[in-house]
Amino acid sequence: MIKSRAMPFDDAQRETLRVIAAAMIPASEALHLPGADDPVILDDILASTGRDTKVLADALTMLHSAAAGEFAALRSAGPGTVLERFRTENRSVAAILELVIAQCYYRDDRVMRAIGMEPRAPFPKGYDVEQGDWSLLDPVRARGKIYRDVGEGETP
Amino acid sequence: MTAANDPVDVLIIGGGASGAAVAWSLADTRMRILCLEQGDWVKPTDFPSTGRDWEARQFGDFSISPNRRGLPEDYPINEDDSPIKVANFNGVGGGTILYAGHFPRLHPSDFRVRTLDGVADDWPISYKTLEPFYALNDRMTGVAALEGDPSYPPKPAVMPPLPLGRTGAVLGGAMNELGWHWWPSDAAINTQTYEDRAACINLGHCLSGCAQGAKATTDGTYWPLAIRARVELRTRCRVRRIETDADRMATGAYYVDADGVERFQPAAIVILACNGIGTPRLLLNSASEQFPDGLANTSGIVGKNLMFHPYGQVRGHFDQRLDGYRGPRIGAWSMEFYETDASRGFLRGYCYQFSRGLGPVATAVNGMADGLIPWGEGHHAAFQRLFENSAGMVSICEDLPEEINRVTLDPNLRDSDGIPAPKITYRVGENSQKMLDHSIARGIEILKTAGAHDITIKSPMPAAGWHLLGTARMGHDPKRSVVNDWGRSHDVRNLFIVDGSVFVTAGGVNPTSTIQAIALHVADQIKTRIHNLFD
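Heads up: the protein sequence lines correspond to chains L and D, in order.
Just so you know, the first sequence maps onto residues 1149 to 1304 in the working numbering.
Just so you know, the second sequence maps onto residues 249 to 783 in the working numbering.
By construction, these hints were calculated from the structure, which means they are not laboratory data.
From a predicted model like this one, the values you see are computed outputs, not experimental measurements.
Ideal Cβ positions, reconstructed from N, Cα and C, are used throughout, including at glycine.
Be aware that a few hints might be false.
Claimed, not checked - For lysine-lysine, the following DSSO-like pairs were computed, each having C-alpha atoms within a straight-line distance of at most 27 Å: (1) K376/D / K403/D; (2) K1293/L / K727/D; (3) K1273/L / K403/D; (4) K1293/L / K291/D.
Stated by the list, open to error - Computed footprint of chain D on chain L; a stretch qualifies when at least three of its residues, placed anywhere within it, have a C-beta under 8 Å from a C-beta of chain D: (5) 1206–1212; (6) 1242–1254.
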């Protein structure tokens, strides 16, 4: 269960985030994937901003202003758009947006199943890893020693 | 008002990799030993891999950056003047809690760099000096390895190596095609039950704490044994300064306890185990009339010669599924470019640490940052192309000691107890930069040979200041070193340092194995010389 936290964003910031989340990771009917603006995922994002809350709130306000208050202006991330300019000019803030959205999107049960993962924590079940082919090391052995002799006469 | 405690024979400051090892080794003397640790015990059930939000939490309380974590036990670090940012963990186990468990030793040549290559300085000790302590530490830690690595003198394996997996097979095949050395890494990760610690179940999250307990961290290896042997470990106790008397001997340390009360802990011997940032910070904070430039600093080099190991990262994507998010990130190494070859345009060398894939969040975030995964249409298709199909390597480049790279006290920054915080000043030197460039070029060659596409690089990796070395170096000459060849301060005869700050040079491998071997060596010297320790 993901811990819930207070939601410190106002309505405009929340709506801005919803529109941006959809622009970043849209739904795909063909792949049976929700978008990052799915209500469950969006609630998780809003409750999980943690240490990035202030930076994120400021970024959302900045984007809302840059779009002149028109959410429609944030619906595309294509060339020449408000979002594209924002990403180019505010790389570190855009990276935080990507982190807070992706970290909730890719832990959603529906998304994890769709990408081939079991929707669970790694512990305690863990995973299997193949041993691999140990004979691959034969040529390395055959080449012989490669470290440098230093004539270990002890302390120089 | 400062409260005074009962005196102890040995006061160890820091409960991480080296503090735990020295405490365990000294325990058989039956001296009264106390360790003060500024952090607390970490519960394995708190580690990110126990929860659905495992990838998110590695950016929160389990971030490798103390400035990002900002927890009460962390101290801030001014790292504005460094392209490489500090990675550490403050708690019982120290940096081992969040390390990868990659556990190489230094090579014999690393101790003789002046003699062999005409740069930096030789160490006052050799590989032979440390060899028995490396072996002891391997047994105490439980090192998974494959014997016969031709890049090292013979050394025993404690247990079988980590699986090569699909990643090892693909990258190993490429190395064979190029005729270059590679080998399964020595790893501080159990591949079988060892000393009551369980075997690895491939959680894939060594770097944010091992919930399984398979990764060897000193809260699970040395500390339980040391505590059973009556060493006292007192947590949430942050040392403010070490005090000395008129005879230039340490008398103990002032610290702030868990309740915020300042106390004085008298001690006959003081051992510093705070690593390459914390140790010089404490020495500089312990300046006095007798030691106006900082304790044990008549040489003037405390805090200088900071070495990080600049990391270069090269990752690629393949047309087949590899190990993905499963298994320890580490698995194999290459020492092909470790020893000096002047024709490469730089001295000394580096190792490669090959790495497996990423979780879905890291795949998406890195993919977007690297321009491989777009926003909007095309996001899902690009993600599917990369997820579970990535592998790569980091190069761990030997940094040469340079006095301009240093730790000082920040004039304004304080920790939560009001103690002056450190500032680091660092730039990648010319030799290191050439080495980084070489490692990136060869890394790309390896990945292309393996069939990778969409290759990305980071050089130097910014958030990779794991290895904090050289800031209180050992040596024979008191004018050019802080401690002698068995860790005793030249200036203060009952003050010892056992952490990464005593490194003379950095080598080109992860240092924890060597840090702990040095701690065991110093403890052995203290025991051997106990009757004339202060002469």
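Could you grab the alpha-carbon distance between K1293/L and K727/D and see if it respects the 27 Å cut-off?
Outside the cut-off at roughly 38 Å; violated.
Under a C-beta cut-off of less than 8 Å, do 3 or more residues of the segment 1242–1254 of chain L approach chain D closely enough to confirm the stated coverage?
This one holds; 8 residues, not fewer than the three required, reach chain D with a Cβ under 8 Å.
Within a Cα-Cα threshold of 27 Å, do K1293/L and K291/D meet the stated pairing?
violated, 43 Å
With a cut-off of 27 Å on the C-alpha distance, tell me whether K376/D and K403/D pass.
holds, 12 Å
Hey, K1273/L versus K403/D, does the alpha-carbon distance stay inside 27 Å?
violated, 34 Å
Checking C-beta pairs, does the segment 1206–1212 of chain L have three or more residues closer than 8 Å to chain D?
violated (count 0)
The earlier numbered hints that this structure contradicts are 2, 3, 4 and 5.
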